[in-house]
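Student: Letter by letter, the chains look like this.
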Amino acid sequence: MASVGTSVERKEGMDRATGAARYADDLRFPGMLVGRTIRSTIPRGRVTGVRLDFDPAGFTVVDHRDIPGENCIALIERDQPCLVESVIRHAAEPILLLAHEDRDRLCAATVHVEYEREEPVFDPARSEREFKHITIVKGDLDRGFARAEVVVEGTYSTGAQEHVYIEPNVVIAVPEPGGMAIHGSLQCPYYVLKALKVLLGSEANGVRVIQTETGGGFGGKEEYPSMIAAHACLLARKSGRPVKILYDRNEDMVATTKRHPAIVRHRTGLTREGKLTAMELDVLIDGGAYCTLSPVVLSRGVIHAAGPYSCANTRIEGRAVMTNTPPNGAFRGFGAPQTQFAMEVHMDRIAEHMGLDPFTLRLRNALKPGDTTATGQKLGSDVSAVAVLREAARRTGFRRKRAKLAGTHRGIGLALFYHGAGFTGGGEVMLASRAGLETTPDGVRILVANTEIGQGTRTMLAQIVADALGVPYEQVQLAQPDTSVVPDSGPTVASRTCMVVGGLLERCAQSMRARLGDASPAEHHARHGRLEVVEQYAPPPGRKWSDETYRGDAYATFAWGCDVAEVELDPVTLEARVHKLTAVQEFGRPIHPALARGQIEGGTAQGLGWALLEHVVMRDGVMANAQLTNYVIPTTLDTPPMDVVMLENPFAGGPFGAKGLGELPIDGPAPAVVNAIRHAGLDVRAIPATPEALALAPRLAPSADGAAS
Amino acid sequence: MKLVLNGSPRELEVHPLKRLLDVLREDCGLPGTKEGCGEGECGACTVLVDGEPVVSCLVPCAQVEGCEVVTIEGLAGDHPLQRAIMREVGSQCGICTPGVILAAYPLVESPRRPTLQRVREALAGNLCRCTGYEAIHRAVLGAHAERHGTA
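Chains as they are written, first to last, in the working numbering: chain A, 1 to 709; chain B, 1001 to 1151.
So that you can see chain A by itself, here it is in the shape it has in the complex (with noise of 0.2 angstroms):
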């Protein structure tokens, strides 16, 4: 019986609802000692000096000199140090590590750190340098904007997002006979061996990386685990005990990512009756202090920023620049909920400008098969932007109450949106991931670096292969995430595990069904021994991408989305009150209905928490509200009942028709809050519109779009 497209029994069982799931934090290893980073408290400038005022009599300390390999935490570029040398370039950069086994003790101990002090700098729009400049051209823009009848501007910008994931980082390294096992909270196994093989040089030999329960990532545990695992295993080498490091929350909110903070500016021209003509665009990130992530998170950012629409003539310029604060990083959209929060706020203003309303304006515009988008892509049948958009308004009623509402202190709001799915360009090309299945004496394994972190990446891969291989899906286990044992399949990132490793899954899958014949897998293990097919990703046939001209398939599809979003201005305290929120999206095929649901619920709770809640307040280069306290994320009293609608259009290049399905819901919340609260009278372009910022904001006359007609 085919299991995908079934809510079936997760693969985690009833763990996680009866306490017995093992997370990082649970695990006890004899001997174990708990770590302890020492952070510098200035944002910049160098360390001249460092005092232990502590008897250090059963303390281990570690430093730059400890480290056997390059000091850095190895990503796209090796610029950020694992341990201050001299240089500080952002607050809460470690500088010394301690270890002891009594907790106490290690939290009393102090450490003076001496300072010379440089000017900081905070503003992206000033800083001195850059670590990618992008950009992406079509089309004639000085011919686009000649033939422009109306040309609207404007400055949208997006706050900083701090990921709350409810379990705070956490990584143990744990010494074992011919090398050392770090067991963390964390997404991608294998970023964490690449960065240590570089930290530790010829000493890597013998290294292993598992991932342990995680709970919650959200991109927060994408690259930052490197850091904590080169920490735990630097005192671990020197101890020869595990250790352990855990933060706290607070030191979890201050020192690790967040969501990077954007500015876009739009210029757009468009024809009388509102078709695009040209768009030029401006997109600056906030890449803090180290470049991390931040090139790919620009280069997803601009891909996305001209929205689900048709343009013949766009100029994307985007930059992603240094500052002193702590480095921004991944987290779920990765640069596209930021310019298309932009370009959908802009949108709503281009139709008011010219009394249409806003579902008309987009309707005109939106991306059909044929289309090309701004990178030149040449969209296929996987393009549903029409169907999501005029369903979400059709379900809403949205013209009827947007007439209706107009003058109130509520509003109806809507945003369009896509996600590319998989890896950026070449992307998936440099991965080279390989996925693989194993016979086992009771059916099959799947063998990936995959992780499982809340969104059922082991349930939803074990559908594909059971009905791709043709047996029951209890038949399916997969193995724990554990370096040497399962072969790199690349990152849990980017919409791409379903997509990308659910595809060569399935080939695996498919190669092992023709090889063992009529017998059951269990049937041939028992009779031959252990069979392992190995896939490797190869790129679709005729799929083009130049990473030089930015131009060519940027995805190899993308996820649709319209989310309509009914909202309530309170006249007195100006908090906006989300009492409806309805999310329209297609991304394939679910495999799994009720997880499906879940990233989208999940996604869009998340949206309207970055929309209206959550604020980053940076005082001198540090986070000033790190506590759950006063850095507030949506409780079941803030998060509206939704409406959620999955379409279908099964994508060929898929596994059973499914695309990438992680990030794309948190794209819409945002615009879709903000343009309703535009409608009930505010002019509002920054997020998070705090009821603070909303007392400031612009009122606005009553709108009379097109809707009234």
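Hints are supplied without guarantee of correctness; some may be wrong.
[To be verified] Below, a sample of chain A positions facing chain B; criterion: calculated Cβ distance under 7 angstroms:
| hint | residue |
| --- | --- |
| 1 | G19 |
| 2 | P441 |
| 3 | G443 |
| 4 | G602 |
| 5 | V632 |
| 6 | T636 |
| 7 | A686 |
[What the hints assert, rightly or not] If you anchor each label on the Cβ, the simulated ranges turn out as follows:
| hint | chain 1 | residue 1 | chain 2 | residue 2 | range |
| --- | --- | --- | --- | --- | --- |
| 8 | A | Q536 | B | G1051 | 54 to 62 angstroms |
| 9 | A | G529 | B | G1051 | 37 to 45 angstroms |
| 10 | A | Q536 | B | S1110 | 40 to 48 angstroms |
| 11 | B | H1015 | A | Y115 | 32 to 40 angstroms |
| 12 | A | P56 | B | E1026 | 20 to 28 angstroms |
| 13 | B | E1013 | A | S157 | 52 to 60 angstroms |
| 14 | A | P702 | B | S1110 | 30 to 38 angstroms |
| 15 | B | E1039 | A | R46 | 28 to 36 angstroms |
| 16 | A | R28 | B | E1109 | 29 to 37 angstroms |
These are calculated hints, taken from the structure and not from any lab test.
Note that the structure is a prediction, hence the values are computed from the model and not measured.
All C-beta atoms, glycine included, are put in the ideal place defined by N, C-alpha and C.
Take the given structure of chain A and dock chain B to it, following the hints.
Tutor: Below, chain B without anything else, positioned relative to chain A:
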């Protein structure tokens, strides 16, 4: 100190100001209770004390002297709420799940069917970053119906 833990009497030698959370995890070998923030904001460490949900990170253990304490390990493992929360995907990463289950437990056990608003209020102190709460609400209401035969 003495308490009744998951139905069994226990006697513990611990500092009276030690957090109940740490006593449970470190001294009682019950790691199912999770720490998310250490300041009573996230609810991941929720346990039942004399039937009422409390955040164990803010409770010095002396306060539960003589009390009945129930952690996630104290539920049988097949309570309708535990099954519903997995089925409805009211648990994604699972780190908030023990706290959510214990916070909702009195509501599910009470014969009176809760309104959606009542469910929201009962769980307002339990942060979940994965689900957007909709699936948790479905699970609690579904579990109540199953528990009281009104499904």
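Student: Going through the earlier hints one by one, which of them does the structure break, listed in rising order?
Tutor: Checked against the structure, the hints that fail are numbers 2, 3, 5, 7, 9, 10 and 14, while the rest are satisfied.
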